[in-house]
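Mind assembling these two chains? They're in different frames, but the hints should get you there.
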Amino acid sequence: MTRPQLEVRDLEVRARNAAGEEVPIVERVSFALQKGEVLALIGESGSGKTTIALSLLGYARPGCRISGGTIRLGETDVLGLSRRALRDFRGRRVSYVAQSASAAFNPSRTVMAQVTEMALLHGTADRAGAERRAIELFRALALPDPERIGHRYPHQVSGGQLQRLMAAMALIAEPELVVLDEPTTALDVTTQIEVLRAFKDVVKGSGTTAVYVSHDLAVVAQMADRILVLRNGAMQEIGPTARILSAPQSPYTQSLLAAAAPVPRGADQPPAAAPVIAVQGLTAGYGRIGADGMPQIPVLRDIGFEIRRGSSLGVIGESGSGKSTLARVVAGLLPAAQGRVLLDGEALPPALAQRTPGQLRRIQLVFQSADTALNPRRSVGAILGRPITFFHGAKGAERDRRVKRLLDLVQLPAAVAERQPGELSGGQKQRVNLARALAAEPDLILCDEVTSALDTVVGAAILDLMDELRRELGLATMFISHDLHTVRAVCDEVMVLYAGACVEVGSRRAIHEAPWHPYTQLLVSSVPELRQGWLEERGSVRGPEVIGTDRPACAFFPRCSVALPGTCDRVAPPRRTLSKGADILCHREEADLLRAAIPAGP
Amino acid sequence: MSRMLRQLRPAGLIGLAILAFWLAMAAIGPAVAPHDAGAIVDMEVFLPVSAQFPLGTDYLGRDMLSRVLHGTRYTVGVALVAALIASGSGLMLGMCAAIWGGWVDGAISRTLDTLISIPSKMFALVVVAAFGSSVPVLILMAGIIYTPGAYRIARSLAVTVNAQDFVTVARARGEGTLHLAGAEILPNIIGPVLADFGLRFVYIVLLLAGMSFLGLGVQPPNADWGSLVRENMAGLYEAAPAVLMPAFAIASLTIGVNLAIDVLSGGRRAADER
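So the protein lines, in turn, are chains P and A. Numbers 1 to 602, taken from my numbering, label the letters of the first sequence in order. Numbers 1001 to 1274, taken from my numbering, label the letters of the second sequence in order.
Source of the hints: derived by calculation from the structure; they are not laboratory data. A virtual CB, placed ideally from N, CA and C, is assigned to each residue, including glycine. Just so you know, not all the hints are guaranteed correct.
[Unchecked claim] Rough simulated footprint, nothing fancy, chain P against chain A, three-plus residues with beta-carbon under 8 Å:
#	stretch
1	1167-1177
2	1184-1198
[Stated by the list, open to error] Between beta-carbon pairs, the in silico distance windows are:
#	chain 1	residue 1	chain 2	residue 2	range
3	P	Gly287	A	Gly1215	56 to 62 Å
4	P	Ser425	A	Ser1134	56 to 62 Å
5	P	Arg127	A	Ile1014	51 to 57 Å
6	P	Tyr286	A	Gly1215	54 to 60 Å
7	P	Thr372	A	Asp1113	28 to 34 Å
Chain A with its partners taken away, still in its complex shape (with noise of 0.2 Å):
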């Protein structure tokens, strides 16, 4: 591990460095925030950068750093449950239809095909329109339009190592698919799963701040990014940081984890080599 690191370019460092301090921040962001996230601290409000409010103030006055960290829980939370259910789903269809092949491979897949049709934005305001949007719901939505997609990467990379001969032999042994998808194919397809797990986690990410964005995500009085967005959209005018810095947030994580992907795919590969 060392060593991999060691051999990093900077970029995959700094990738690492932004998404382990937003993955901090979703931690801890809340006990560090200097204010609390409700609470209005100045009667001005879309206070520019200072010392006292690094971020400025939003459009109530109320500290724009605690809102961005508290609302860090709820952006970078949320999207990493969701795309945990999504990847991991994804990953053990994947291996079972690859194990078992023949019809159990057919309704696995044909199932999911019939997912991927219905266009996502639309699947998610319907879900949205018919359950609410607390924050249950907004998980379990994200990580069932993105099932498909980590099932359909997993499939095909499991289907490659499952026709290898030593996954041949291990059946020929009489092993369980446990042993099966566990020991033998899972190890094997780790480095591009986890590398599709990051992606999927943007595209999360991505499609809850939009829907807050548009007012159908997470609601007032808790805020994520993308709702911080919205609220402040007023301050555009006038530049303040309380619009741009939740922006801003939305942004870094997703370049974050772009960079970090880039390093762990990468770094496999070079493993791969030696």
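Bound conformation, chain P alone (with noise of 0.2 Å):
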């Protein structure tokens, strides 16, 4: 075995905490890469792979502090370097892919320029030499119009074009590590799977060696050759890929792929009650409502379903598809153009100002991000309190002692009332914010991503929490997420969104099996599964960015592996039922379907 590419030991950093005392958040961790090799650093929010990733690249995060061990590079000692010598380092030899490409542009200047900086910075090539090599880079990873995307502004690409030209970006000096810190968490999962191949491609290409920083076991499974296991800056478990996926030793990594396998909860099939929501027609969107009833930006349109008391559908697609929208027409935020929500069978007004307390009372929304779904500046049991007083009337005594069962009822401790929302962590506020809406002791809650920001062991807490609660107090829900695997473990119904239009609806277990609509399959197949090859055999699918400016019939139509030109663009698709059981819009016929379902498999 030859030497190292690149070798940790005993790796420590510190922080500094509240009470102004450093305390180790990585301790002990050593490793080694080989040239050309892939590590993962997995682990939750809180392991230290970040810090570790950063500490790579001889930085620390303010009021952190490198404080032990080495880090060798090449015949580079990192951490001995100067200053100045870091400068050089950084970008040149090793180099940097973050989380949200969105906010690692400067949206003034062309895509080209900011690609090629880091080349130029270094004097590794000319102007010309570096566009040459940006270019070649563009087309390696999949970019559509390689010779000109660069001429581009930020804004002007989407969002997975702008993560893999970010790759291009810390490729174009040829480093000799690349270290992507959770480079496709905030993608769409049909969004994610190109960029994930296009890494791939260019990692293993060039023989860059790279630390893949990530939450997803899954998404690790399909770039890393092994896997560092981390849990509260200390290592767990490190080994090859497949080893640890099938045989995992240490028992964290066996809960952490525990937690990645989804738990059925709730029923295959939707309980025989009455319909708490009933939703009709519904069409909504932005702007002026025009004189055909639409509004000039339409983003839901012909919407219906109903939610039946202690069951819950799941609305699933991806960003931009209205899943959002649709909870705030619900709730009354955004007053509908068309269409009528039943009320336990009674018409609600459109208009939140319209909705007398009662009605507003029955519908609560909870939402994703517990850090701004929640007032940093008022406790916990002020939050939590104010919904009680404000529908029930409770005050004092009363209403602390409804604070302290609903703080029960989400498994908190009571003295969490005294806190603020900034010393909680995630999962505690995600657990304040759904408290929150049960305060008020609605019938339906419309929970919207609500454990997309959370850990896959916390968020899988939350959801059984929520499934419990649902069952114990007959909660309707409707549950939004861009993530099928969630949605499919907690709902009895799913609804799939695109372009704002339903195209498939059904049982949980109606979703489960094929045939689906196009859609559908391609979200089903754009999953990553826990298992390495699965990115090898999936095949090529269009991302939205082929979306024309003329909306065709059939939204779907340009992004189709099954579409009928001349009929699927020009007419509207009809709603079928599948013997399986569910709706879908599409022209085509369910054996077609089927065909067509069979290479991708569930």
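Printed below as a string of structure tokens:
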């Protein structure tokens, strides 16, 4: 075995905590990487994975300090470099791809200027050479129109393209080591797959050594040769990807793997109860409403569904599909242009101001990010107490008693009432967020991506809790997510939105089975599976970037693998019921769809 | 609070101390002054610093220390009330504009933009020419001049908070404007608003001092620090403390408030980072 390209020995990073004491956040981490190897750092938030990744660049975040150990890249002792030498080292010999590409690009300069900057800065190439190299990279990363995409500005390309452009930026100076920090976490599944494939081709093609930071085991299984599992800044386990996935030794790795596998909750069929909410022919959007009753920018078109007491409906679609708008319309925040929302058979006024306090109480919203959903300047007690006072008029000791009961319901200690949201962990905040909705004693809870910002294990616990509450309290829930895994795990019924239209709706069991609407099939087959080689087996999908300016009769037409030109782009697709029990919006016959579904598989 | 004080750097402590001193003097100055502000205590004018007259005497032989202490009430008091009016109305209008949005926002914003477009010194001179320079007129005038600036700051802060999910949740609950403004938005913008309040206070002190220096502010026999400088201009040739001391008072108040503001905004930032 040759001398490894990268060697990290006994790395220790310390940070100052609130009390001003220095505590280690990363302890005794050692690993080595051969040239061309990809190592994944995996763990929950707070496990120290990003801290370790940054220390490979000789960098510690403000308040942190690399306090021990050695990092050697090639012949260089990274931690021994002077400030000046570090500047030369970063970008040229080791580069970094961050989670949010939109935050990493300067919106006022062209993509090409920013991608080539690193090479020009370090003098590894002249402008013409750097641009040639950039275009090669654009081509290798499967970006559309590689010759000209560089002339665009960051806002003129899609999120997935920007993420790939950032990879080009990192690779332009041909570094020895690339650090990728959750580069696909913010992307839709259908976009993620293309980005992953592009990354893998380029990294493997150029023989670059890479460190890939992620919390998603299924993604890591596609990318990494070896996996390092971290928890609370300490190494749990390191080994080849195949061994970690098939025979994890550390109990923690085992629990991670268990949480990644979907646990079916809820029923296969919705319970036979009266619908709490019924939505009929709902159309909504932004801007002036035209003479035909369509808003200037329609977001939702002709949506209809019912949610029964104690049941949950999953709403799934990629960003921009209108799923969050649907929650806003049902909650009354955005009045619908057409259609009706019935609460227990009674029509709800479209606008918030016209609804009675009783109607408002019965529908509650829970938002994705508990950081912005909880007022940072109010205590948990005040946050939960307000809806209790507002809807039920309870004050003083009675209110405190109810706050305590709510905290108990979401499995938080009573002492949390005294705290501010900033002092809670992500999972705890999301529980408070949920408790606030429960405080109103609602009939329907609208959950918008409630677990998307959480770690797998914490998210699974929240899903368990929600499922328990749903059954105990007979709540109806609408569960909005971009993650098919989550939706299939918690919902009795699933509705798939594409460009504001409901393209498929059916019971959970139906969504598990082929045939699907072509878009559902794309979603189903884009969710990474927890095994190596899945990415290679997957056929290519057309990303959302190919959408033209004119809206065809079927919005999915440009990306559809079984589209019928001349029909699908001209005639609005009919709603048809498949034998598995789901309704879809498609021109294709069931047999055609079934044939199309076979190669992809569930 | 005590923790915040312990973390202060010396500059912040000095600023707070100066501010506290002048606020105290505005409250009790006339009571602790050794002489009556209008009493001629010595036939000698522009006396230098002495044990008997710590700040010397003025152009009529009045005790300068007593004059400055009496003046504090005018300078600090008028500016404080005017700044409260400016920041208070700016804050309320700003939160209303953010919460209601739409045409209400447009109407308030355009009206105050119109006000901003009038040069403030000119506006002040016209108001004094029309209504005289009584204390209520000065307060109202300064309050109106500095409202649009306070409104701009408060509105932009409130708009950002208003867009956050916790406000949407409160709105979806059916909460009224009072709760949205008072409980949800205000606690999140109060830090920068207070810092802005301090700045407005300083601007108003300087505006009023300037007006008084021109003879258009507080009228004799009463005097604020600006008019004290004006009265004793002749003493400048003799380097008399009578002209320097009120100027020094203005400077110390301005600097003190600025140092205190840094603490206020910086202290809150440190708290947020934790």
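Hint check:
Coverage of a stretch by a chain is defined here by at least three residues with a beta carbon nearer than 8 Å to that chain's beta carbons; for the stretch 1167-1177 of chain A and chain P the count is 8, and the condition holds. With 3 residues having a beta carbon nearer than 8 Å to a beta carbon of chain P, the stretch 1184-1198 of chain A meets the requirement of three or more and the stated coverage holds. Range check, Gly287/P to Gly1215/A: Cβ separation about 58 Å, and the 56 to 62 Å hint holds. Between Ser425/P and Ser1134/A the beta carbon distance is about 59 Å. The supplied range of 56 to 62 Å therefore holds.
Hint check: Arg127/P to Ile1014/A, Cβ distance near 54 Å, so the stated range 51 to 57 Å holds. At roughly 58 Å, the beta-carbon separation of Tyr286/P and Gly1215/A lies within the given 54 to 60 Å, and the hint holds. Between Thr372/P and Asp1113/A the Cβ separation comes to about 30 Å, which falls inside the hinted range of 28 to 34 Å.
No hint from the list above goes unmet by this structure.
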